[in-house]
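Asks: Below are the chains, spelled out letter by letter.
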Amino acid sequence: MTENKGSKILVFSTEKISDPAIDLAGLLKMHYPPTVYTINIPCSSAVKSRWIMHAFNKGFDGVFIAADGTDCAFDESCTDNTAKVISRTHELMKEKGIEPARLKMAAICSVCAEPFVKQMKSFAEYLSKS
Amino acid sequence: MRNKIGVYICHCGSNIADYVDVEKLKEIVAKEEGVVLAKTTMFACADSTQKEIVQDIQEKNLDAIVIASCSPKLHLFTFRNIAIRAGLNPYNYIQVNIREQCSWAHSDTPKQATEKAISLVLAGIERAKHSKALTTLKISSVNTVAVVGAGVAGMRAAIELADMGTQVFLIEREYFVGGRSSQWNKLFTTDETGQEIVAKLYKKIITYNNITLFTGAEIVSKSGSVGDFDIKVKINPRYIKPGCKLDWAKFEKAVEVCPVEFDDPFNFGLTKQKAIYKNYPSEFPEIPAIDYDKCNKCGECVKVYEDIDLNQKPETININTGAVLLTTGFDPYEPEKGEFAFDEIDNVITLQKFKRLIELNEKELIYRNRKIRNIAYIYCVGSRQLDGENKYCSRYCCTSAIHTAILVKNKYSDINNFHFNRGIRTYGKQEVLYTESSEIGDIFLQSFEDSPPVVEKQGKDTIVKINDILTCGKELEVVADLVVLVTGMVPRKINTIADVLKVPIGRDKFFNEIHPKLRPVETVIDGVLIAGSCQAPLNITESVKSALSAASKANSLISKGEIELEPTLAKIDETICEWCDKCSEICPYDAIIKTKHGGKIIAVVNETSCKGCGMCLPVCPVNAIQLIGYTDVEIESMIEALI
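Protein chains in written order, with the numbering used here: chain G, 1 to 130; chain H, 1001 to 1643.
In isolation and in its complexed conformation, chain H is listed as follows:
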């Protein structure tokens, strides 16, 4: 039993200390039997604190430590490493979660939060007293990563993983790669178009033998765990005969005869799309597709294009993978009907649609048969909401709107840009765009969040009014030929992957990382990583940075061929066991073996097969089984401390 225990109570800045009386907590636990040292610390994870703990362990010869701080999902390994550096077995370290499960959950009742924290830390001390020195287990892992989403982030991550020798399965729900970036024209800072960047990545991907791309494909189920996930991928047919020589004239004819027509999602309804389609000439893979969900199987296309095969069926394949990296991207915010007159006045459109409009109008900017001269941009639509759920800033939209405004002014004649903003956030290098737009004569008008601009119809004119704080609150108005709502990013509406993988969702409804600063691409599901704008609003540069980070993290996790696991194993007391077969029957891994020992038949655990689930514990009629780390004495002493 450990009896030289050091206890550290973290303020976590104000995250814990604002709600839990950490000094009172320290005073109480310091009196506990076996505790020889109790301290509070501003940040237990800070380098200086870590050094101090190492010093304490060595100087005071501590035989166990307890750190009361955040969730172990965040810092368990950080703190275990402190123990290792100090020469203490890492399993003699116990983390007590007084942040997520105490100070934050009970921020409404600080007194009770403090009482609860005391109980939790006392329980942690009990666990530390009974903790044993253990060594980790190792399991084999397959050096394969399933990357979900073949946008810029997904493709870049796939290339990086493949370069590091990892087998990659790149799974894209759409029939073509590129995601949202392929809808965008010239990009800051390089002036490349989104489509050029996508093409560059795709052409590189197809040179790799260790990247397999599936399009029209979606993960429908997952089993197993890190290092050894089994995923099922449903692949919808493309209805084009594999390996056929593509005849683009016949494809055009097939598009012409296809009777299924709907608003083109690629161009946000500016054009129509048929069930057989290809969004733009250099779209990849360079094979047309027939939308599985939209096609009515009328067969008209087959009559003009014999390489179409409507008998193709969806197939489901099994993939064994060590990790899954999600790069599933975002959806643009769709304004509510009436939000800045959206869907009520016909010349009010979103920024994303406006970008497609520019792409489709070569010489003159025309929308609904009207030549556009005066453009009013209304910022922060669907972001930084005062009343709505989207409290966050979408980050990319100020830059994107100003960049688009400059492009429009350079591309067409007689354009006047009016920016109705709430404070421009063209952070970093993007600030030069703001300067450039000011220099070319763009007008910036600004309001506070509680008095946004108003869009209204006056006769035939669309008027945008604002109380402009840059001119002492003067009411100014602009007659706009087009109102562009600068809409931000929201999580994908169709997000079945979140359900299949049980990915944690944050307050902003985007996928949630373990820690925004310290573990920014990992989720609490071991082996499931996130990158790009499925995690938060990010621009392409930032998405690629996070994709590369996630690729490195995934590779380092699974490429060694084995993963270290907790030494949580069932142990059977041979003196008590009288073979009854119950534990062997319930074990899902056949890890319990019937053995002759000391003149009687008993059950023995095969340590290489045991996964430490503990299913065998409650079925033993004589309580002969203990799970290492979760023994009766540990659990029951914690219960006593908690009450």
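In isolation and in its complexed conformation, chain G is listed as follows:
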């Protein structure tokens, strides 16, 4: 456990697509809140609802899926499948009284450093107000 203040955001990034964008943001010294933590996985449609719920149960304020979108190297169904993960998890969140807006998804391509930083800043701001 650390003492970082501010809304804590867990990001599920993808190794080939969105994680390089997050690296690029660092390379370009584009700053975003230091309370953003990333776990990378092969494809955004692989995120289990239980992982997201686990993050909320343990104290994360928000979860962001940095999705492959149409760039997914595995299959074009990725976008739909990731969206289904989100909607299924939103139902679970409602059951537990967690506001669905605390789980967000956006397609982050491999060079989308700026969009990623914008997403993190606005999500952190939203979470700090809610």
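No wet-lab data here; the hints were simulated from the structure. Worth double-checking, as some hints may not be accurate.
[Unchecked claim] In silico lysine to aspartate or glutamate, DMTMM-like type, Cα no more than 25 Å apart, as pairs:
#1 H:K1493 - H:E1562
#2 G:K121 - H:D1108
#3 H:K1509 - H:E1542
#4 H:K1138 - H:E1252
#5 H:K1493 - H:E1252
#6 H:K1253 - H:D1293
#7 H:K1493 - H:E1334
#8 H:K1337 - H:D1291
#9 H:K1111 - G:E114
#10 H:K1582 - G:E95
#11 G:K58 - H:E1640
#12 H:K1303 - H:E1252
#13 G:K5 - H:E1252
#14 H:K1200 - H:D1331
#15 G:K118 - H:D1508
#16 H:K1363 - H:D1191
#17 G:K5 - H:D1108
#18 G:K84 - H:E1578
#19 H:K1582 - G:E76
#20 G:K29 - H:E1562
#21 H:K1138 - H:E1562
#22 G:K84 - H:D1581
Let chain G serve as the given structure and place chain H on it in line with the hints.
Replies: Just chain H, lined up with the frame of chain G:
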């Protein structure tokens, strides 16, 4: 569960240690259960550190290691090899990215960066505790490389690849090969012209059966991944009947009657071009072309040249390739209106245009009906910008300007060259040119970046003024017949390939390599490589060196017929699974098979078909599926460590 874990925290020189308190980080993680060794190191990738880690693993019998350093995209395999050398399974090694995703991203808040680094390393330790010993998977790869851009770098890479037995598709957007080099005349050090070098390469290329050249062609889409990319290439028609015997007299007539005329991009507007064209006689392929985008299909040319076929249509072909090598080159910097009076005073031109002017003026140097004697060269235009975005040095321009100045002086009489520079960078062998130009009487005047020379009109004269630091800041002025802006390199303006392939772009807007020193021709997109001046300003020698490097890298990647992949596979717990078909339905690779097992029907993963995407994980209603390397226990223990 691993319980003899070694943790190494890299300073990365100052890249990490300037923002993250690495000693504090070490102290905290050293107390973590299962960690038997924690060290900081100046460079984890250094040979001496690698040897030290091998020794630690062997002497302390470590069963897992964690290295907190740069992005795994850079050094994952370097560090896995350490594990292998020490007899540890490489999948018991975990890399934690505390540089790109911590010290650099949060360099504005070092205290918070340290806190974040602690969480990230603790999460890495959790992952290491649950890591399993695994073996890699192998997939087949096609021994084909698509080289995009048939300039000198692309053609040289194509030849090298073909020599190594790789099938090459060389894809050029223009109708002719050669790129920017074909616009250049004599080159240092050999005195060959750019056109001669291009011709030499083209003549060699056409002797290879395993090189296929497409001109007027562009990649429009890509699917698949390393070893097995499917790319679609759109090829614009040339409007010349294939296989016809070329009649140059009729071609000249067709050019004459073509009503579409515009500023010739090859000569930077010094001449006019028609829709049907060939830039110079020995341009290759030696077939004229009608520009698909410019032609208005009026049919006038067909009346005088029957081998023109305006009914030809663009076609799209599919190519299966193991890798893509980008050698798409650069654009010259186009000065802003008013930048050193560009576009305001009519005798201010760029270096690239000046080079074409020399080529087009055989006996006397004339520009806008004026005989040129005094030439003022202003250096670093569009490079090393104080306020603009181009902070980089374009590297080639000092040498190119001085070389051009010497050529001009040797070619024409009564030439005086004045070099308004910010410090000459004729590095390496090119320094002899600087000496030569000084010896033949060229004048060098120098200023700092915050007091550049000024170009202004005084009556009919164009004056260049400078506070020359070589003469104690004395204000000196030159009446110039021609002002040559020594413009550098910028990335291609039309760069659709970057969008199609999602090539990472660096701070300088050129294509970005994984690591400038250690992986200089690879990108983070596996199987997409870069070379030449699409990556950074480079001269021809340097471009060819990087092209050869990229060719070797591409060949070694795909030529073995198989590529090693991560052993990331879905695994179904047969004791939990009750066949429901959901995983099988969602799997894009038909990798899940319905099987009878122990008296019940269950799903089983076909390991040769599974690509490890994990799409099946979240749809299982009884959570029977785990992805190797990303199991619930690994992910959830990391989440707990991060919070």
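Asks: Is the Cα-Cα distance between K58 of chain G and E1640 of chain H 25 Å or less?
Replies: holds, 7 Å
Asks: Please verify whether K1337 of chain H and D1291 of chain H have alpha carbons no more than 25 Å apart.
Replies: At roughly 29 Å apart (the allowed maximum being 25 Å), D1291 of chain H and K1337 of chain H break the hint.
Asks: Would you mind confirming whether the straight-line C-alpha gap from K1138 of chain H to E1562 of chain H stays at or under 25 Å?
Replies: At roughly 6 Å apart (the allowed maximum being 25 Å), E1562 of chain H and K1138 of chain H satisfy the hint.
Asks: Taking 25 Å as the top limit, are the C-alpha atoms of K5 of chain G and E1252 of chain H close enough?
Replies: violated, 74 Å
Asks: Would you mind confirming whether the straight-line C-alpha gap from K1493 of chain H to E1562 of chain H stays at or under 25 Å?
Replies: violated, 37 Å
Asks: Do the alpha carbons of K5 of chain G and D1108 of chain H lie within 25 Å of each other, as the hint requires?
Replies: Roughly 15 Å between the alpha carbons, so the hint for K5 of chain G and D1108 of chain H holds.
Asks: K1493 of chain H and E1334 of chain H: Cα distance at most 25 Å?
Replies: holds, 11 Å
Asks: Compare the distance between the alpha carbons of K29 of chain G and E1562 of chain H with 25 Å, and conclude whether the hinted pair is satisfied.
Replies: Not satisfied, since the Cα-Cα distance of roughly 38 Å exceeds 25 Å.
Asks: Taken at face value, is the distance from the CA of E1252 of chain H to the CA of K1303 of chain H at most 25 Å?
Replies: Holds - the C-alpha atoms of E1252 of chain H and K1303 of chain H are around 13 Å apart, at most 25 Å.
Asks: Is K1363 of chain H within 25 Å of D1191 of chain H, Cα to Cα?
Replies: holds, 19 Å
Asks: For a C-alpha distance cap of 25 Å, please report whether K1138 of chain H and E1252 of chain H respect it.
Replies: violated, 57 Å
Asks: Does K1253 of chain H pair with D1293 of chain H here, judged by a C-alpha cut-off of 25 Å?
Replies: The given pair, whose Cα atoms are some 21 Å apart, holds under the 25 Å limit.
In this structure, the hints that do not hold are numbers 1, 4, 5, 8, 13, 20, in rising order.
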